[in-house]
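Asks: Here is how the chains run, residue by residue.
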Amino acid sequence: MMRQRQVAILTDVALITCIVQRGLADKIIKAATEAGAQGATVYYARGTGVRERLGVLGIAVQAEKEVVDIVVARDQVDRIFEKMYLAGELGTPGMGFMFVSPLEKAATYVRPDVLKRLAREAEQEGDGT
Amino acid sequence: MTSRVSTMGRLGIPRDPAFLITAVLYPPAGLMAIDAFRQRGINAAAVHHARGSSVGDRIQRNGLPIQHEKDIVNVVVPPAECDEMIRLIFDVADVDRRWGAFVYVRRLDRAMPFVLPDVPTEER
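Chains as they are written, first to last, in my numbering: chain A, 1 to 129; chain B, 1001 to 1124.
Keep in mind the hints are simulated off the structure, nothing from the lab.
Don't take every hint at face value.
To be verified - Within a straight-line C-alpha distance of at most 25 angstroms, the following computed SDA-like cross-link-like pairs (lysine to any residue) qualify:
1. K105(A) with R1061(B)
2. K30(A) with E123(A)
3. K27(A) with R1051(B)
4. K105(A) with A1111(B)
5. K116(A) with G1056(B)
6. K83(A) with D1109(B)
7. K83(A) with L1108(B)
8. K116(A) with G126(A)
9. K105(A) with N1074(B)
10. K105(A) with R1110(B)
11. K105(A) with I1042(B)
12. K105(A) with H1048(B)
13. K105(A) with D1083(B)
14. K116(A) with Q38(A)
15. K105(A) with Q1060(B)
16. K30(A) with F81(A)
Modelling step: build the complete structure from the supplied sequences, incorporating the hints.
Replies: Shown next, in the form of structure tokens:
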């Protein structure tokens, strides 16, 4: 007997990608978590860019990078983006780069009690309008 | 992409929009997803490793959530097949449970399909 699956699709989500030097991702993740992010993914990469433009100071910038991906709700993007920016000191040349990509949709496990609460709130909003 | 692009520019560069599906899975679901895509006829999917935390993971004393090994699967599909591919990933990785996976979709302006050349089979 095949199990029927219920797929919870999340809309109004965005992906924040932050590229920093290796070893600095944890600081970014901690700031994002404190600001309300629910999860993060980190992987390694190698990159160049401003390092070549800093001249002698460029030797202080590692070519080895960590890329942090965090999916957040659209209404939280600005707050979490700002916290990550400040934690990573991205305003300093060579410290990193970050950007936001809009997502079509996302899907993940949502606890049944949370799903019921959201459905109830949506019904109440529908009755209210 | 599973079907050849129908509209090509002057230089033969495809112009069809596409969706990039990224699935953050727990190992070994990444390779299982790649196998499932191959059986479905999709030859251009990528998997790489990462570490990360997800919803509900415990926060440690240092303020960081517990991190686990992850497999990141990226696959480009036509818009019409997006929902079907998401369901395929759900079936492979058992997404609708705790410790399942996280899947998200990004819109691409255009994508290049990976088309194998027509090589005649050797006759023995």
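Asks: Going through the numbered hints above, which ones does this structure break? Give me the numbers in ascending order.
Replies: 1, 2, 6, 7 and 15
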